[in-house]
Amino acid sequence: MVTPVQTAFGMLGRGLSRLDHVFDRLYGSRYNPLYQSGPIAVALFVVLLVTGIYLLLFYRIGAPYESVARIDDQVWTGRWIRSLHRYASDAAVIAIAVHGVRMLVRGRSWGARALAWVSGLVLTGIFLLIGWTGFVMVWDVQGEALAREGARFLDALPIFSEPISRTFAGEQPLPGAFFFLNYFLHIALPLGIALFLYLHVSRLARPKLLPPRRLTWALVAGLTALAVLWPADLAPRADPGIIPEAIPLNWFYNFWLPITWRMPAWAVWLMGGGFTAIAFLAPLWTRPPKRHRPEASWVNERHCVGCEQCFFDCPYEAISMMPRTDGRDGLVAKVNPALCVSCGICSGSCAPMGVGPPDRRGRDQIDQVRSFLSERSPASDEIVLVVCGLGVGGRLNGEQFQGAWLYSLDCVGNLHTSVVEFMVRAGVGGVMIASCPERDCWNREGPAWTEERLFHGREAELKERVDRERVRYLNIGAADRGGLLVQLREFQDQARERAAADREEDIEIDTECEIPPHEEPDLKRGILP
Amino acid sequence: MMELIRWVAGIAVLLAVATIVGALSQFPVAAEDSEDAILRLSWRVRSQEVGECPTRGRDDLDQLPVHMRNPDACVGPLPAYDLQLRLNGELHLEQVVEGGGARGDRPLYVLEDIRLPPDTYRVEVTFERRPDPGDDEGIDMGRALSVDTEASMGSRTVTLVTRAGDTGNLELRRPR
Ligand code: SF4
Ligand code: SF4
Chain X
139 MVTPVQTAFG MLGRGLSRLD HVFDRLYGSR YNPLYQSGPI AVALFVVLLV
189 TGIYLLLFYR IGAPYESVAR IDDQVWTGRW IRSLHRYASD AAVIAIAVHG
239 VRMLVRGRSW GARALAWVSG LVLTGIFLLI GWTGFVMVWD VQGEALAREG
289 ARFLDALPIF SEPISRTFAG EQPLPGAFFF LNYFLHIALP LGIALFLYLH
339 VSRLARPKLL PPRRLTWALV AGLTALAVLW PADLAPRADP GIIPEAIPLN
389 WFYNFWLPIT WRMPAWAVWL MGGGFTAIAF LAPLWTRPPK RHRPEASWVN
439 ERHCVGCEQC FFDCPYEAIS MMPRTDGRDG LVAKVNPALC VSCGICSGSC
489 APMGVGPPDR RGRDQIDQVR SFLSERSPAS DEIVLVVCGL GVGGRLNGEQ
539 FQGAWLYSLD CVGNLHTSVV EFMVRAGVGG VMIASCPERD CWNREGPAWT
589 EERLFHGREA ELKERVDRER VRYLNIGAAD RGGLLVQLRE FQDQARERAA
639 ADREEDIEID TECEIPPHEE PDLKRGILP
Chain A
6 MMELIRWVAG IAVLLAVATI VGALSQFPVA AEDSEDAILR LSWRVRSQEV
56 GECPTRGRDD LDQLPVHMRN PDACVGPLPA YDLQLRLNGE LHLEQVVEGG
106 GARGDRPLYV LEDIRLPPDT YRVEVTFERR PDPGDDEGID MGRALSVDTE
156 ASMGSRTVTL VTRAGDTGNL ELRRPR
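Residue numbers (my numbering), protein chains in the order written: chain X, 139 to 667; chain A, 6 to 181.
Isolated chain X (complex conformation) (with noise of 0.2 Å):
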């Protein structure tokens, strides 16, 4: 049964997917923002830090106001890296949220994955406590309301005897001590960041932790041009002597502001609690029923033969090499269940099909891929469509797309070479493999292993013998159907233009010989010859 969560991540798939496919046009899937949203916000960090130190050369706790304003004043320096601190931290902002809504929606949250996400959501409080400090560091009309705010809701809580909100009310000036703790929690709380950032990649193998150079250097080149061009405004300095009758908001950093200012601190705390509850409980809500949970990868020691590649191929490390127990030399693979996400990239990976999901592995493979052939039986001018039932082949209905036989996998990765030898050395026209973008893989890295393994020799590799001109690899997001079209018509026009001229050779050989029809290789029911 669906339910209406799962109803719901299903639509905002689909969106994410269409305004994938946008700016893989505008951008080309490798530079698209949309699959990087997690290297760009630490990309973005490494931006917040280099123009933080500039600016915490200037500021003064004893004037914090006045500092800042003098920073501003250096129009040649000071306004734009200030501004550029402003609008990388605003940038950092939307693309933890994409990041986050991106592995919400495609259930990226619960089981080995629960640590990433919960570190991912310590990490975005953190960030945004890094920025309601640097607001109130300003101590201009905004930093103003939202320590007041602060104040308000932690003196709802019953354990301080005089309340904060004391300190705002300008029986005094601000003490030195308010502005410093400021400073310190501005700069001691990115340490906090680099130590859950360690955790949140901790299960991942190979990291990337940096989007590709030029779109690293196109963010940095847009945002400092934003900033030279509207440079952050600084808003008035607090008084508390006056009412301020609006506010320069920072929506991305302070959007509750105006709701909370119109509750009771009590409901803050209860709707906050409430959100950050669910946030966090989200590897217990958005994880499957048990019996629809993809079980862990396996490991038959019979046939593995302790080659290693399955534990270099692995994406989330979830495979170690053991001393054998069975009388044989060597190494043999263990799979932990803990950390297996069953991706079922390993499958691809074993040369001697001894890995994998259950189901999924390449023995288990070359049976699907038999009773396929045996049922369909692709004529030598027809192709198969490989898709990824994750990407594009999720959009994919019924048995044939636009005359192509489709064969689905639950992701490219798990392909194992030999399926794709099975269907050419059989006599299909070809084999046309459509793969999700490279940075936008379910599995992270079934899309790079999978090529490589197609057609430069990573194990488990493409034999030799197989006519690499009746292959074909393609990267293309899940909503590119048009995409798709093209690529497939010119192939399958190639797969013609071959199948023709066989025939014609064909034509020949039977003048000169003719082979009685019993004898010979009845290959759409698999039997190879």
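Worth flagging that the hints you see were computed from the coordinates, not collected in a lab.
Note that CB positions come from ideal geometry on N, CA and C, so glycine has one too.
All the given hints hold, so there is nothing to weed out.
Listing some non-contacts, in silico: residues in chain X with all C-beta distances to chain A over 12 Å: (1) Pro142; (2) Phe147; (3) Arg198; (4) Thr215; (5) Met241; (6) Val256; (7) Ala315; (8) Ala343; (9) Thr354; (10) Met409; (11) Gly412; (12) Leu419; (13) Leu477; (14) Trp580; (15) Asp640.
Cβ-to-Cβ under 8 Å is the rule here; a few derived chain A residues that face chain X: (16) Gln31; (17) Val34; (18) Arg45; (19) Arg49; (20) Leu116; (21) Thr162; (22) Thr167; (23) Arg179; (24) Arg181.
Since the structure of chain X is provided, determine the placement of chain A with the ligands on it from the hints.
For chain A with the ligands alone, kept in the frame of chain X given last:
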């Protein structure tokens, strides 16, 4: 041609995103619709008048951790205080203020924001110790805090009633 369109569209989207970031980074929000002024009552009193202050003997002190060995063992909650605010002679606020903290033994504090239409007001505030039911008539109730003055309160301004630094009595002034 298609490539050119792609470039132009790519840059247009980039500009649009940059504009949205720039705008949302500092888009003003109405903080307060009303033109009211605020009369803020804010002060803190560390009362010396506690229930009982028996002097502890040597034996009692030895039972206590070193940092708590104070011979003046004042116990019991602080006495409550009556707070009254009159505006132009009319009672506007009346409150009983008790000691802070879970046991009521922390300093008393007052923190009230009173919204008023901008105008000139005669402001009278008194803050004095409440007589306990068992107190004899004529007991010294300690000094009351009070202020009685005219104040002109402009639109969107805050006027503070707090204790003066030199006398300790209440005064009206601008917050700082
Ligand atoms: S790839 Fe296969 S043979 Fe190699 S270590 Fe892994 S399970 Fe063993
Ligand atoms: S299915 Fe294989 S590759 Fe994927 S996480 Fe599990 S062990 Fe690693």
